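Peer 1: Spelled out from the first residue to the last, the chains are:
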Amino acid sequence: EIVLTQSPGTLSLSPGETATLSCRASQTVNSIFFAWYQQKPGQAPRLLIYSTSSRAAGIPDRFVGSGSGTDFTLTISRLEPADFAVYYCQQYGGSPVYTFGQGTKLEIK
Amino acid sequence: QVQLVQSGAEVKKPGASVNISCKASGYTFTTYYIHWVRQVPGQGLEWVGIITPSVGSTTYSQKFHGRVTLTRDTSTSTVYMELSSLRYEDTAVYYCARELKATCYFDYWGQGTLVTVSS
Numbered sequence: 001e002i003v004l005t006q007s008p009g010t011l012s013l014s015p016g017e018t019a020t021l022s023c024r025a026s027q028t029v030n031s032i033f034f035a036w037y038q039q040k041p042g043q044a045p046r047l048l049i050y051s052t053s054s055r056a057a058g059i060p061d062r063f064v065g066s067g068s069g070t071d072f073t074l075t076i077s078r079l080e081p082a083d084f085a086v087y088y089c090q091q092y093g094g095s096p097v098y099t100f101g102q103g104t105k106l107e108i109k
Numbered sequence: 001q002v003q004l005v006q007s008g009a010e011v012k013k014p015g016a017s018v019n020i021s022c023k024a025s026g027y028t029f030t031t032y033y034i035h036w037v038r039q040v041p042g043q044g045l046e047w048v049g050i051i052t053p054s055v056g057s058t059t060y061s062q063k064f065h066g067r068v069t070l071t072r073d074t075s076t077s078t079v080y081m082e083l084s085s086l087r088y089e090d091t092a093v094y095y096c097a098r099e100l101k102a103t104c105y106f107d108y109w110g111q112g113t114l115v116t117v118s119s
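Chains as they are written, first to last, in the working numbering: chain A, 1 to 109; chain B, 1 to 119.
Same shape as in the complex, but just chain B (with noise of 0.2 Å):
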């Protein structure tokens, strides 16, 4: 069955860098785009980005634009995201979500990853 499976929590200090990965399983994995988006806690959801698998291409959202780098790595069907210059307000949910390409929509998600910004 389709699983993205994210890694664990993390607690960063302001300034710092983070990152997770989420790994594919269950289906072809150059067929999807993935995607990041991520909620604050009580609050709506929000695109980061998106990285097509096949090739690597990314696009960012312009709210992240030069603090997120989205990569991957075929041999292990996984995604991950850095985010840099961390600061309170990226205090967050951070998911990863399968798109089947130009259908732009999200069908699978993984569990979900909290990130913690504190001093």
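The following block holds chain A by itself, in its conformation from the complex (with noise of 0.2 Å):
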């Protein structure tokens, strides 16, 4: 099974400021089966990206994903208030076997 580690645990930053969150797979993950998701408190995730760098519906272009192989990073530029959440990597290795990394809590300065 293929372990996702995302890095920071927590990153504090301000708005205006360029968050930039990393997902390391234990082995190559195949870029068209990994997203990333928002979650904010007493809600359920949202799908923010599929396909490695392909946006959801309604995803402003402030969120770009990109990676390859078995490193992946998610950057939000141009924070604002509700862009603090916890953000989850998420990815399919057949199976099937679909494994979520520990997020990464994105919280105000």
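Bear in mind the hints are in silico, worked out from the structure with no lab data behind them. Computed from a predicted model, the values in this text were never measured in an experiment. Some hints here could point you the wrong way.
In silico lysine to any residue, SDA-like type, Cα no more than 20 Å apart, as pairs [unchecked claim]:
| hint | chain 1 | residue 1 | chain 2 | residue 2 |
| --- | --- | --- | --- | --- |
| 1 | A | K40 | B | V40 |
| 2 | B | K101 | A | A57 |
| 3 | A | K109 | A | R78 |
| 4 | A | K105 | B | V40 |
| 5 | B | K101 | B | S25 |
| 6 | A | K40 | A | A85 |
| 7 | B | K63 | A | V3 |
| 8 | B | K63 | B | E89 |
| 9 | B | K101 | A | G94 |
| 10 | A | K105 | A | R46 |
| 11 | B | K63 | A | G94 |
| 12 | B | K12 | B | R87 |
| 13 | B | K101 | A | T99 |
| 14 | B | K101 | A | S51 |
| 15 | B | K101 | A | G93 |
| 16 | B | K12 | B | V68 |
| 17 | B | K23 | B | E99 |
| 18 | A | K105 | A | L48 |
| 19 | B | K13 | B | R87 |
| 20 | B | K23 | B | S7 |
| 21 | A | K40 | B | V5 |
| 22 | B | K23 | B | V55 |
| 23 | A | K105 | B | V93 |
| 24 | A | K109 | A | T18 |
| 25 | B | K101 | A | V97 |
| 26 | A | K105 | B | G42 |
| 27 | A | K105 | B | Q43 |
| 28 | B | K101 | A | R55 |
| 29 | A | K40 | A | T20 |
| 30 | A | K40 | B | Q43 |
| 31 | A | K105 | B | G44 |
| 32 | A | K40 | B | L114 |
| 33 | B | K63 | A | V97 |
| 34 | A | K105 | A | L13 |
| 35 | B | K63 | B | S17 |
| 36 | B | K12 | B | V117 |
| 37 | A | K40 | B | G44 |
| 38 | B | K23 | A | R46 |
| 39 | A | K105 | B | E46 |
| 40 | A | K105 | B | P41 |
Take the two lone chains, each set in its own frame, and fit them into one complex as the hints suggest.
Peer 2: Structure below.
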């Protein structure tokens, strides 16, 4: 089973700054089957990015996904108050097995 | 609009079973897979299993194999998750989520159902 490790665990930034979130896989991941989600307290996760770099419907272009192989990144530019949340990466590794990272909390500095 | 509406919170005793429903609307029920994902309070997301509504086939995470059963009712566009032999550590929010076939990501989620296991 592929393990996804997200870093940092917590990221403290101010509105207007740029956030860089990392997700590292224990084995090579098919980039077509790699996604990012945002979760706010008391809410279900929301799809942000699929297939590594494609934005889901309604997601602004401030959210950019990139990466390949074992290293993937979510970059959020010009942070807005609504962006402060927990972010999860997710991959599909066959079998089927779907795994998530442990999450990165983006908090206001 | 697409909606996945789940049943309400449950409180169960250890060893009991719980049955949660997820009613889909706003799209063709048989076009998408339905997954279940759980989240222990304060922790991350964990995949539980998948059902293909068109044929009823299922696959479960090894962690839950033997304790979880997914079924569906195509007449009401509803998917059900039964988790048996409940343990304290099964206390979590359980989400259903939709996947367009073979895309391997979840584009819509239910609101979540809190299952509390307590004696």
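Peer 1: Next, verify each hint and record whether it holds.
Peer 2: Results of checking the hints against the structure:
1. The hinted pair formed by K40 of chain A and V40 of chain B meets the criterion: a straight-line CA distance of about 15 Å does not exceed 20 Å.
2. A distance of roughly 18 Å separates the Cα atoms of K101 of chain B and A57 of chain A; the hinted pair therefore holds under the 20 Å criterion.
3. Between K109 of chain A and R78 of chain A, the direct Cα distance comes to roughly 14 Å. Compliance with the 20 Å bound is thereby established for this hinted pair.
4. Restraint check: the Cα-Cα separation between K105 of chain A and V40 of chain B comes to about 16 Å, which is no more than 20 Å; the hinted pair holds.
5. For the hint linking K101 of chain B to S25 of chain B, the alpha-carbon distance of about 17 Å falls within 20 Å, and the restraint holds.
6. About 5 Å separates the Cα atoms of K40 of chain A and A85 of chain A, which keeps this hinted pair within 20 Å; it holds.
7. At most 20 Å may separate the alpha-carbon atoms for a hinted pair to count; K63 of chain B and V3 of chain A meet this at roughly 15 Å.
8. Distance hint between K63 of chain B and E89 of chain B is fulfilled; the C-alpha atoms sit about 13 Å from each other, no more than 20 Å.
9. Using a Cα cut-off of 20 Å, the hinted pair K101 of chain B and G94 of chain A holds, with the two alpha carbons roughly 14 Å apart.
10. Only pairs whose Cα atoms come within 20 Å are accepted, and K105 of chain A paired with R46 of chain A is accepted, the gap being roughly 15 Å.
11. Our distance criterion of 20 Å between C-alpha atoms is met by K63 of chain B and G94 of chain A, whose separation comes to about 16 Å.
12. For the hint linking K12 of chain B to R87 of chain B, the alpha-carbon distance of about 9 Å falls within 20 Å, and the restraint holds.
13. Straight-line distance between C-alpha atoms of K101 of chain B and T99 of chain A comes to about 17 Å, which keeps the hinted pair within the 20 Å bound.
14. Between the alpha carbons of K101 of chain B and S51 of chain A the distance comes to roughly 14 Å, so the proposed pair stays at or under 20 Å and holds.
15. The hinted pair formed by K101 of chain B and G93 of chain A meets the criterion: a straight-line CA distance of about 15 Å does not exceed 20 Å.
16. Our distance criterion of 20 Å between C-alpha atoms is met by K12 of chain B and V68 of chain B, whose separation comes to about 15 Å.
17. For a cut-off of 20 Å, the pair hint linking K23 of chain B to E99 of chain B stands: about 15 Å separates their Cα positions.
18. Between the alpha carbons of K105 of chain A and L48 of chain A the distance comes to roughly 15 Å, so the proposed pair stays at or under 20 Å and holds.
19. With a C-alpha separation of about 8 Å, the suggested pairing of K13 of chain B with R87 of chain B holds against the 20 Å cut-off.
20. At most 20 Å may separate the alpha-carbon atoms for a hinted pair to count; K23 of chain B and S7 of chain B meet this at roughly 8 Å.
21. Simply put, K40 of chain A and V5 of chain B have alpha-carbon atoms about 18 Å apart, close enough for the 20 Å limit, and the pair holds.
22. At roughly 17 Å between alpha-carbon atoms, K23 of chain B and V55 of chain B fall within 20 Å of each other, so this suggested pair holds.
23. Distance check on the hinted pair: K105 of chain A and V93 of chain B sit about 19 Å apart at the alpha-carbon level, within 20 Å; holds.
24. Simply put, K109 of chain A and T18 of chain A have alpha-carbon atoms about 13 Å apart, close enough for the 20 Å limit, and the pair holds.
25. Only pairs whose Cα atoms come within 20 Å are accepted, and K101 of chain B paired with V97 of chain A is accepted, the gap being roughly 15 Å.
26. A hinted pair counts as satisfied when its Cα atoms are at most 20 Å apart, and K105 of chain A with G42 of chain B qualifies at roughly 12 Å.
27. In summary, the hint linking K105 of chain A to Q43 of chain B is supported, as the alpha carbons are separated by about 11 Å, within the 20 Å threshold.
28. Between K101 of chain B and R55 of chain A, the direct Cα distance comes to roughly 18 Å. Compliance with the 20 Å bound is thereby established for this hinted pair.
29. Restraint check for K40 of chain A and T20 of chain A: the C-alpha separation of about 18 Å stays at or below 20 Å, so the hint holds.
30. In summary, the hint linking K40 of chain A to Q43 of chain B is supported, as the alpha carbons are separated by about 13 Å, within the 20 Å threshold.
31. Simply put, K105 of chain A and G44 of chain B have alpha-carbon atoms about 11 Å apart, close enough for the 20 Å limit, and the pair holds.
32. Straight-line distance between C-alpha atoms of K40 of chain A and L114 of chain B comes to about 16 Å, which keeps the hinted pair within the 20 Å bound.
33. A C-alpha spacing of about 11 Å is found between K63 of chain B and V97 of chain A, which places the hinted pair at or below 20 Å, so the restraint holds.
34. Distance check on the hinted pair: K105 of chain A and L13 of chain A sit about 11 Å apart at the alpha-carbon level, within 20 Å; holds.
35. Distance check on the hinted pair: K63 of chain B and S17 of chain B sit about 17 Å apart at the alpha-carbon level, within 20 Å; holds.
36. The hinted pair formed by K12 of chain B and V117 of chain B meets the criterion: a straight-line CA distance of about 5 Å does not exceed 20 Å.
37. Pair hint K40 of chain A plus G44 of chain B holds up; C-alpha atoms about 12 Å apart against a cutoff of 20 Å.
38. Annotation: proposed proximity of K23 of chain B to R46 of chain A holds, straight-line Cα distance about 18 Å (limit 20 Å).
39. About 17 Å separates the Cα atoms of K105 of chain A and E46 of chain B, which keeps this hinted pair within 20 Å; it holds.
40. Between K105 of chain A and P41 of chain B the alpha-carbon distance is near 15 Å, which keeps this suggested pair within the 20 Å criterion.
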